[in-house]
Structures are given as C-alpha cells and as structure tokens.
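**Q** Using the hints provided, position chain B relative to the given structure of chain A.
Which chain is which? The protein sequence lines are A and B, in order. Counting in UniProt numbering, the first sequence runs from 1 upward without gaps. Counting in UniProt numbering, the second sequence runs from 1 upward without gaps.
Do not rely on the hints blindly, as some may be mistaken.
Identical copies carry no separate label here, and so any pair may be met within one copy or between two of them.
Straight-line distance between alpha carbons at most 27 Å, and here's what the computed DSSO-like set of lysine-lysine pairs gives [as the list claims (entries may be wrong)]: (1) Lys-379 / Lys-407; (2) Lys-442 / Lys-492; (3) Lys-493 / Lys-585; (4) Lys-267 / Lys-368; (5) Lys-289 / Lys-365; (6) Lys-374 / Lys-236; (7) Lys-478 / Lys-493; (8) Lys-270 / Lys-376; (9) Lys-449 / Lys-493; (10) Lys-449 / Lys-585; (11) Lys-239 / Lys-548; (12) Lys-585 / Lys-442; (13) Lys-374 / Lys-442; (14) Lys-232 / Lys-449; (15) Lys-232 / Lys-537; (16) Lys-289 / Lys-270.
No lab work stands behind these hints: they were computed from the structure.
There are 2 protein chains.
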Amino acid sequence: METKAQVLYDFAAEPGNNELSIREGETITITNQNIGGGWIEAKNSKGEVGLVPEDYIEINQAQPFTSGGNAAPLDLSFFDSHMPTPASTAQVDVAQPETPVTPVTPGFSSTSPDETSNGNDPWTVFDNNASGGFSNNWAAQPEGTETGKTSSNAWHSGGHGHPQAYQGPGAEDDEWDEEWDDVKSSGGYAESEAGEGGAINRGGAHGSSMKIALNKFPGFSKSGPELYLLSKQPAKGTKLPVYSGEVGPVWAYPDYQLDCVVADPKKGSKLYGLKSYIEYQVTPTTTNKPVNHRYKHFDWLYERLLEKFGSAIPIPCLPDKQVAGRFEDEFIKMRMERLQGWMTRMCRHPVISSSEVFQLFLSYKDEKDWKMGKRKAEKDETVGVMVFSTIEPEGLPDLDLIEVEQKCEQFNRFTRAMDDGVKDLLTIGNEHWKRCTGPLPKEYQRIGKAFQNLSSVFTSSGYEGEAALTDALTAAGKTYEEIAQMVAEQPKKDLHFLMETNNEYKGLLGCFPDTVGVHKAAIEKVKEADKLVAAGKITPSDKTTMSKRASTMSYSLQAEMNHFHSNRIYDYNRVMQQYLEQQVKFYEMIAEKLRHAHSRFTTM
Amino acid sequence: METKAQVLYDFAAEPGNNELSIREGETITITNQNIGGGWIEAKNSKGEVGLVPEDYIEINQAQPFTSGGNAAPLDLSFFDSHMPTPASTAQVDVAQPETPVTPVTPGFSSTSPDETSNGNDPWTVFDNNASGGFSNNWAAQPEGTETGKTSSNAWHSGGHGHPQAYQGPGAEDDEWDEEWDDVKSSGGYAESEAGEGGAINRGGAHGSSMKIALNKFPGFSKSGPELYLLSKQPAKGTKLPVYSGEVGPVWAYPDYQLDCVVADPKKGSKLYGLKSYIEYQVTPTTTNKPVNHRYKHFDWLYERLLEKFGSAIPIPCLPDKQVAGRFEDEFIKMRMERLQGWMTRMCRHPVISSSEVFQLFLSYKDEKDWKMGKRKAEKDETVGVMVFSTIEPEGLPDLDLIEVEQKCEQFNRFTRAMDDGVKDLLTIGNEHWKRCTGPLPKEYQRIGKAFQNLSSVFTSSGYEGEAALTDALTAAGKTYEEIAQMVAEQPKKDLHFLMETNNEYKGLLGCFPDTVGVHKAAIEKVKEADKLVAAGKITPSDKTTMSKRASTMSYSLQAEMNHFHSNRIYDYNRVMQQYLEQQVKFYEMIAEKLRHAHSRFTTM
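Just chain A, with the same shape it has in the complex (with noise of 0.2 Å):
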C-alpha cells in the first residue's frame, strides 16, 4: 500500500543535495521511511523523487514513530491547581505530605488551557498570574517511547513555527545524524514576525522567550520550584557561590576570562555524500586547540545549558535555524558571526564558562571521552530549580520575604523597560536601515547622474572654455555616485553591529520572563507557606527552609542582574563607540570627497 502525506510547511530544495521542494498542502507520497536523520524519501505528483525533511509533512497513516498523545494532563501538585506542575525524571526526593507524586510517565503532554494560553507577550503574562510564563508550544508534539530515554532536540520546537526535523528511535546510535541544522527561519534581514516594517530577525533572538526545560519529558511543561524549595534531597554537583561585591551579590568570577573564537566554516557531508552540513571551527582561548561543531552540537549545548542553569541564569537561543539557503556563503557567515555572540556571551558567564558541559564542548579529546561526557551531561541531576540548590551565598544575611519580592519586580520592571527600549531601538534602526540601503544611495546616485549629464549636456554647446566646467561637474557627479555606494555599505560597518548587540538583548531580555517568573512563583509558594503549616502539608522547619531558600533564590537571582548589568554597560559603551567611530570616519570621508569635487570648480 502506498504511503501518502501532507506537506506542512514550504521546503525549498538545497541544490544538489538530493533534496525534493515541497510546498504547504501538497499530497506527496513516501518512497522510502528508512533514510534516518530525520528525512524520507518522497515522490511529488510530478514523480520527481527526493528528500524532505520527515516534520514537514504529516503521513497520513498510523505513524511507526509516534506513539502516546493527548492523555489528560496529570495533576501532580498539592499547590493551587494554576501552579506549575512539578515533575522530574531525576530521582529528586519531593516532600509528598498526602497527595503522592506520581513518577512521571513520558508521553503524557500538558496541555490545560492555564498552562498553555500564555500568550504572546511574556512580560503580561509574569504580571497576571504568578503560575510563570513559560511557553510551551511544543506540548501539542508528542513524543518519546521509552521511559527515560532522552531525545536531545525534545525541547527544541522553534518559536517559528516550524518544527526540526524528527529524530526517531535508533538516534542514539547515531546521535549527530539529525539534521537539526535544517529548520527553516526567516533568517538574514527578512522582516521578523513583529511585522509592522518593524525589527528586523537577526537571530540570537528567535522567539522571545527561552523554554526553560526543567526536566527531560516532553510531556511536562513545567516544574514549579517548591521542587527546589522543598528538596530534602542535599545538592549535588559543583557549588556556585555568590559572594557580596562591591555592587552587590556576584557569581565568583575566575581570575582568567574565557573566550572562544568560532571561525573556518567547512562543509562536511555524511549518509554517504547523501547530506551535506557545515562544521564550524571553535578555538577556546584557554587550549588553544581548535575543536569542530555543527550547528545541532550548539543547538545540544544550548538544550543542556537551559536544562540545567536556565531557571537561575537566561540562556539566549542561538541564532536562527535555516533550511534554505543555508549553504549560502552569506547565510554561513552571518550565523558563524552570531553563534560566535552567543559563545563569547557563555564564555563571559562565570558559571556557564565553568560548568562540566560546557567545558566538555569546548575540549573534544576523542569520540569515546565526547559521547561519555555527553551522556553523562544528559544524565546530569542537578537540573531545572535544582541548580539553586547548589548556590550558596557566602557570608550574605538571610532575605526576608518583602526584600526578596522587590528585588524581583524591580528586575522585572527594569528588564521590560530594557527590552521595551531595545526593540524601539530595533525598529528604529531597521528602518534606518531600510532607508540607507534603498532609497538613499539612489537618490545620490541620481543626484549624480544629473550632474553628470548636465556636464555632458554643457560639453555639446560647442562654446569655448567650456571643458574646466564640465570635468569639475562631471568629478562632482562621480563624488555623488560613490556617495550613494558609500552610504549604501554604510550600515553593514557600524548600524550592522548596534542592530546585532541589540538583538542579542533583545533574545536575552527575551529569557527574563522565564527567569523571573521561576523566582516570581517561588515567592508565591513561600506566601502560601503558613496555610500548608496550618493545613498540616508542611512542617514549620519546611516553612524556614522555603525562605531561606527563596533568599538564595533572589541572591541568585541579583547575582545574575549585576552580571547582566556590568556585561550590557560594556557592550553598550563597546557598541556605541563602534558605531560612532565608523560613523565619524563615514562623514569624514563624504566631507573629504566633496572638499576635492568642490576644488575642481574654478575659484572666481
């Protein structure tokens, strides 16, 4: 029997890489399930025959690879039913007072209206309702056969729209194989989703807000932090100390700041010359020894970072994912430039650039020590609101509950105030862009043009003496010319960068809703404390170990916002410097330009 499908989305082909483009509502029919990497084999009505990815279409018969769906969402909380639904697959002892939390069974996808009507603007939604806003527009994609078993792009649903590409079972076997490289964005200047001529989607901001995976099944969207609050369990992994600074709580910054350099994009090509992909360069500046990732390593760096530091640090996304054209020279460039954003700005982090994971990514010995290291890194425990667990403010007193509360809501008021800014700032320049690339430098050209042909004009009147003139206006022309070629290269030199910093602000800030609401619903949880006490949930000791722990929450959390200060005064005093520089030197050069046109005109 045939295998028919639905295409989902357009696919546009990568020449000569054996791919088929589909277009969205097109019937193909499947020739051949088992490529792997996530791509089948398909045959367009036409019969031509190719690759699509296998998440762009849906198959039209009972699917070998899916399994589960939409089972009722599973109470686990004892808290208020709007609170997040605390869930692990680490063996976290819970205090389980009467209703027991039932070990989590993968498949199962959350998907109540409270948690999943979030909306669009994340800042809103931190304002409403303490339960947190984090998004979760995977939850309608099932996934996962096997209890425990990890899949590595579970959490990676874009905010775009467009899924990656599927990694079936037996990835495991060859768990770099997928084609996560392969997910279409708008990418490069394209208009981003904001519309409106608004801000232009120049990546380390795809979406708005980071998913915060707080644990590994897919089917859960949420772990609210009394699982941390609550943990009886003592911490485990490396200590992350917040020390009291001269501006306040700060992470401990190593003597040595680590940087990395991403460079020498190459395409490699595997399923036998079947699939191409580009490896990308990474140099840290500590071994010096180059080590080669593509693009889903990043994408696998990113998960497990967001996994595991994501409800105490914001973890940016990476740029934008990109199926077509992503071979293009331009397209490798300007994602090399941003995944080397996005590695400086771990780099800089003190706890991300020290963490076990991130350290394994940047030092590749040999396949053997790579693939235990990345297990192991999967396996990591200390995930989700458990990583506050190994914070430890040193030598800073206890926070009352009110202090704790005003520290947030003012990150909170101060990061939507940024990211408000940002995106003004965004749209502005975009705009400005727009301006200075299109309609600009044709008007100079033009401006050119007809000094030009008034020179040639005045050199057919046959009058004598007529040649100093026309030369001078036929040189002023040219100036106008290179003017408008000047202008129109202008902002890939300095508004190019402003426009990049600020979007990697934009994807950070992006993050803080996340971030903030973890902490906003912790400070929940501690309020509703005395009832518990009361109704006999916890005990009094539970109640003081809740506050002490949400003051360490909150040094984590001031910890976090001094590093983002002292790093954001730096970029804006670095970036701004940048563009005024450039733009100092691009007037000076139009001013010198002109002061020759002009002195060709005879003096009178």
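**A** Chain B in isolation, oriented as in the chain A frame:
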C-alpha cells in the same frame, strides 16, 4: 438692477486688507464696480462685503470695460497662412506688394487654431512647424478700446491659468495703482504643475516660455520677422554692435558691469489705506542711489524689455505673482531674492543693462521725469523684430543661409538638451529636498530619542557605575537630534541655491523656443524669397536685403548664445562651488559632533 458675478478662481482674503474670500463656482453680488486698481467690491451669500480681484470673477451681464472679442483673425500676411501674422502699432513701413497690410485694429484676438494649438511643450512646436512657438493664452481676453492706447499689463497673463487684475479705462491717470502684485501662484516650495512629485515651482520660471510681445495690441499675438527682413525704414534708436570675440560673435560689453541690490521691502498703502502693497528698494552699484519699486513696476519693466528685446534676447519671466500670503515675511523675502536674481541677470546683460528703459528703472529723479521716461518707453517703435534693425555686426562677414540655419539648429538642440537636464536636476533636487526636510531628520530624531530612551531605562537599573554610560548615551541621543535639525535646515543653505539657479535657467531656457522660433521663421522667409521674386512679390534687391538681415539676426543670436554660455559657465561654477562648500561644512560639522559624542563613551 443687481449685478451678479460668477467666481472663476478661489481667492483667499488677506487679513486686515478689506478683502473677501471667494470660492470658485460661488455667485456673488457686485456692490461697487468703481474701486479701481483691478478690484471691485462684492457681497457673498452670507452678506459679507469686501474687495475681490476683478478678474477672479465673471460678471453675468455685459461688462462696460470689455469690448471687441472673438472677431475672425485678420490675415495680414502675404506669406503662407501658417506664418506668423505681422502687426505693429508703430508706423513701420512694411513692404506691401499686392495684399496691403491693413493697419492694426485693436480688440481683435488671434484665435485661429493654428496659432493657439501650441500644446504644452514649446520645443515640440518649434520642431513641427516653423511658425514659432508663441503662446497666446491671453487671446481669449479681449481688452482695450482706444486705438493706440497702451495697456501695460496686456501681455502679462500668467502661465498658471490665473489672470492678473484687469486694468480698466482711466488707468493711465493712476498708472501705478493697479494691483498687479496680486495674481495668485503656487509660489514657495509647492509642487509645480509638472506634478509627479516633481520640480518645485521656484519663480523665475512661471510658465515655460516668455510671451514675445511684438506689438502693443493684444489682438495680435504674433509678428513675423518679415517686418524686419523687408523693412525699408532706417533703423531708429541706439545701435547694438556685435563684435568678433574670442569665442565668436559677442555683444559689446561695458567696461564696468552694472549690478544692483534689491533690499529692504516695505509695506505701503493706497486707496486711503484700503489696499496695501510692498515696495522694494533697488540700489544700482553705479549711482548708489536707492529707488523704490513695487512688484508691478518690475513687471512693467519686464513688459518693456520683452517688447523691445524679446525677439533677440530671451527675457526671463519675473518670479511668480501671488495673491494669498503676499504680505507674509517668508514670501516677501523669497520674492525679493528672486527679484534680485532677475535684476542681477538683467544688469549682467550688456544690451539690456545699457538700454534706456532699464536705466530709467534704476534712476528715479522725480515723478515728472519718471512719467516722461515711462511714456517714452511705451511709445518706443523699435520693438519686436525691429530690434534687429539696430544690430550691427562689426567686421563680420555675411553668413549664408546654411550657416545661419546650422547655428540656429545647434542652439535649439543645446537649449533643449539643457532644458531637459535642468528639469531633471530640479525634479531630483526637489525629491532630495523633501527627503532632507521630511523623513530623514525624523529618522535621526527617532534614533536620538531611542538612545536617550535607552539611557533613561539604564538610569533606572539601580546598578552602580551606570552614570558614565547613561550620560554618554544621552549625549549621543541629543547629538542625533541636533543632526536631525542640521539635516532639515541644510537644504536652505545649499540645495536652495542650486535649485534657484536651475530654476532661473529653467525660466531662461523656456524663452529660447520663442527666441529661436523668430530666427527659424526668418530662415523660412528667406527660403521663400526666390519664389516671391519669381512671383514678382518682392524685388531681387529685397531678397539680398533679406538674406543679409538673416545673417545679422544670426550674429545677434550667436552673440546672445555666447553671452548665455559665458554666464552659464560662471553661474554653474559659482553655484556648484557654493553647494559643495556648504555640503563639506555640513558633513564636517556632523563628523565633529559625532566625534564629540564618541569621546564621551568610556574607552575600554
């Protein structure tokens, strides 16, 4: 019986000037027809009474001050019927072989389709038909009842479709009191009739061709060059020699070049304060004695120059007339600037500047002297093509007809090409003006605001050590706001002069089809000479005279073209220098401002 009138054009009353605003299509009642000065008193349907310009309305009954009308045109020519009709009020002896030239009867308007279908492009007309490109939009406005009576504004119906105020009988007694100032135009920086977001109408160019007034009666729009070619009369008036110069035939240039300063506009009033007007002070550099003139005095001068020299020398139109806003400072300043430009151009012309009528205008001794001079000028018989009778090529060999024709064609090609080039530059300049004063500064302002906004967000962070960045960011923001203002104001400092110069040239070039047309018509006449000799209509000696005179006309045209070229080279050199100098200053100032803004950021 009540006299009703239909309003033909919108007229906006000048506040405090006893005027009444009227709208096209409105019916008004005439309350006093004897106001004079081109004004009548009328009442609108609301009962409001005020003065309206006489020719903005059409009185519903027979008007006492109009006569004549659409009588059939008189064929006065013994040449082909499509040739211009010779006519003159001066008693010039024209060869009258068989068909006698009937003395001109004023009040007849020449409205034959051949003569009115000149279309919009004066250049095309010249190409298609040797009858010249005279426009005669005033042909439908019969005027004047007394033979030989001069109505000095008869030639002045504008190219903008708004007639000027009618000058009724008895005007001679109060000859300076007509409100010629008062014809509406688009003025200022409004869109020109060219439409298409195109060139702005910047005066010196109202209508694209001058109206060569070859006789003093409006009933006849044209006078053929045969009037001169076959004239038996000895030349009257000052001789105008043409010499052989370095660049070819040239006018006799004076040792000292006349110039004058138009300044100090003052508001005056008349009709016992009922009407106001603006007087400009004109000070010639020769006498340094200021004389005062109203716009209509300039207009009178223009008419005289056009009448006297228009066949040989393109006389550019005056800056546009205007009714609404004519007492606004901006308008007065602009008109003054343009009158200055016009006067400077007239002063620079050796023939015009040394003419009696021009000298009269610059030297007002007393009222009596002035009136005498004025009447003398109006009675000048050496007008129209007869001006060629005063031109004397000195030491220049007679040109044959082929040479004459080649020169004429060459000038026509050049002026047409330059006309295109100038219009092109004006269109582009106008678009640039709009961009520089509209969207561009708005964008810089928004960039400035975005920086300042981000700065104030940063200030709210509560983070220590923020001040250096926020101060610098605010300063950068303010710098961009200053740049916005500079950008918006810059066109007035540079583009303005480039536009004004090109507009002047547009006006001047618009006169060439008429000027060249006279020559072209003369060439055609000479070509017909053989036939006329054969037919016995002229003698062989007449033919020789015609040919010699065509040669004289050609020398005149060549001298004029050489004058035009040398002025053009001077003007474009000067305006380009000025433009580029200001542009250099502009970009240097921006660079300097940005350099300062840059220095405020912390060096890292």
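**Q** Which of the numbered hints are not met once you compare them with the structure shown?
**A** 1, 13 and 14
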